[in-house]
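Sequences listed follow chains A and B, in order. In case it helps, the working numbering puts the first sequence at residues 1 to 252. In case it helps, the working numbering puts the second sequence at residues 253 to 486.
Hints may contain errors.
Here are the simulated lysine-lysine pairs, DSBU-like style, with alpha carbons at most 30 Å apart [as the list claims (entries may be wrong)]:
1) B:K297 with A:K226
2) B:K354 with B:K297
3) A:K118 with B:K449
4) A:K118 with B:K478
5) B:K452 with B:K478
6) B:K297 with A:K2
7) B:K370 with A:K118
8) A:K226 with B:K354
These are computed hints drawn from the structure, not numbers from a lab. The structure displayed is predicted, hence computed values, not measured ones.
Okay, here's what each chain looks like letter by letter:
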Amino acid sequence: MKDIFKLFASVGWAGEVLVRSTLHFPSVLWRRRSRAELVTQLYATGIRTLPVVTVVALFTGMILSLQVGLELARFNQEMYLGAAVMLTLIREMAPFSCGLCLAAMVGSAIAAEIGTMKVNDEIDALVIMDISPLRFLAAPRILALVLMAPLISFYCCIIGTVGGGLVGATQLNVDFGQYMSSAMSMAKTKDLFVGLLKALTFGLLIGTISVSEGLGTRLGATGVGKATQRAVIVSFLAILVSGYMITRMWYR
Amino acid sequence: MVSFDAVTKRFGDAVVLDGLTFSVAKGEVFVVIGPSGTGKSVALKHIVGLLEPDSGTVRTSSDRIGYLFQSGALLAWMTVWDNVALPLVETTRLSDAEIDTKVRAALTAVGLEYDADKYPSEISGGMQKRAGLARSIVRDADIILYDEPTSGLDPVTARSIDRLIFRLNRERGITSVIVTHDLAAALRLADRILLLKDGKAAFCGTPAEFLASTEPNVAEFVSAMKGGTDEKEE
Ligand SMILES: Nc1ncnc2c1ncn2[C@@H]1O[C@H](COP(=O)(O)OP(=O)(O)OP(=O)(O)O)[C@@H](O)[C@H]1O
Ligand SMILES: [Mg+2]
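Just chain B, same shape as in the assembly:
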């Protein structure tokens, strides 16, 4: 579905991706974790072509890619319905009735069927993400990239988004690439986990392999995550 081959990306003098190589299989839930600023978002942007690598190749075998931005990236002056309908209105020749059917179905799939007429500023952050997801589903995206889908949300809402991502993957076979800081969710959801460190793949494998790994970077990341939660509890 997606493959990175020795991808290098620089911004000025800073090397953000440094020979990054990995591939994502069709139907897989692929979770990318790693410290802040290691280029996780930059890697996602390469998949959709928002950024081009300086060297190496990025291949994506789909032209219907959904992308869930951290903010949801809904257009503020349009209602939820209009936002979800936008890609159909602008890039297809479907009739108004067909568009309405598809939009209602997508909104139902994410549990927003009663909020179609609200504006983005009138709904919560979690609901904005759901609306952003509906906008990807409505185009029949076969791969969706999630950039920190649950950060900034309370644990209950975060879990419900996790479940939604999982359901979309299992029911519709949507390949999912998820960037997250939530290690527990990563271990629960992932078919495979990629640990990104200094622009390289420090680890790539199943959650079981991840937990069993003796790779120092993995141990360091896991203890840092634990340390992070300990500090908060003090």
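Same shape as in the complex, but just chain A:
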């Protein structure tokens, strides 16, 4: 009973963080100083994660291609390999693996950073100076995730498709050109749109969850560790559940 109460309280808190931070998005874009902070966050979110994201996307595409290709080969349908890999990536796997990467790399960093600030009284100090932590800290970080997640997801899709094509060409005897034209022929605008919508939602959720956990940190350094861990776990769950719901809404 008490746990259920706690769950509702923390969902309510995250909701509050979400709404109030989103209301600050325009001011992040308007004010010169905030734009500088946004650029820093965009860099941390999009550029610093690129090496890991590239490897993850490449292998996601390669694994998909291998698994699907072997099955297709049993029915002599290898010419559809490109379409199968591309569709799976664009609809599900690209936003999903992009979301997991961002939660593990960016969300955890946000929770740890804000959590450390919280236990060092820096958050209280901001409040006393009439500087809203949600405007000053949360809004640029969440906005950076919202803007970057679709781009990263799109990038994952391209890298994954290429990775799948390489596996097709080297191990499954599927011509790379034929693979690519099959990939391009099947994907519809709707698939791209839903995939990007998913990524955007994941970005918003990861940002909100990580900021809420960071601001809720208690009990010193162990608290920071706990908050970071919770931010990653809750983000993973949110990605899975919301990913299913978005798929459910658009494809049935």
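Let chain A serve as the given structure and place chain B with the ligands on it in line with the hints.
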């Protein structure tokens, strides 16, 4: 400037402030002493509105309150200059030149004019507190709350911080509320001393009255402080 009227604050079952009543006059140096865990920091947080009382009222007749946290609470990724400039950058429409003038003046007032470009991790604990103070001065705070401004510092640095607090009070008329464990500094600096015990005001008066007091809590606290230093010397 600040008045507490029968303020009670609980955390769960623990009553931390229990009908606490006192007031601080404008321009006063008001020192709060008391054993660990009696709610001194909690009382300070009520003054700035970080905590709300469960019952009773807290009134503060200023909206420019400075707060010196024990850690200094500087933002780690910003230089000293940026930290001090932060409240002006974020909450005013001053030009860059005006901000720079004010920040330099505040840093000079605390003796950090040559350390503006350093990061908090590159300066000592005493300097971090000075930077935290500069951040309060730069907003023209007319009341500054100090939570253990000298604990964790060596005696020489501690004295220099004490002198700085005193100077800010005398030169700029900044009302000062100081929480400290340093009884000697309290007796030297204070216009009035409040002894907090079990969430209540066990004593409130001038240093002379404090020394002359026959209140058992005062005697107990004074002998405990002396006992504390004796133990260390053994
Ligand atoms: N946010 C909080 N939530 C729960 N309990 C708290 C909170 N803040 C303070 N307390 C409790 O209130 C009591 C008083 O804390 P406070 O920090 O005011 O003590 P203090 O007099 O400043 O002691 P010290 O001299 O050690 O700093 C402590 O028992 C502390 O555990
Ligand atoms: Mg304290």
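Evaluation of the provided hints:
| no. | hint | result |
| --- | --- | --- |
| 1 | B:K297 with A:K226 | 26 Å, holds |
| 2 | B:K354 with B:K297 | 27 Å, holds |
| 3 | A:K118 with B:K449 | 28 Å, holds |
| 4 | A:K118 with B:K478 | 35 Å, violated |
| 5 | B:K452 with B:K478 | 23 Å, holds |
| 6 | B:K297 with A:K2 | 29 Å, holds |
| 7 | B:K370 with A:K118 | 22 Å, holds |
| 8 | A:K226 with B:K354 | 40 Å, violated |
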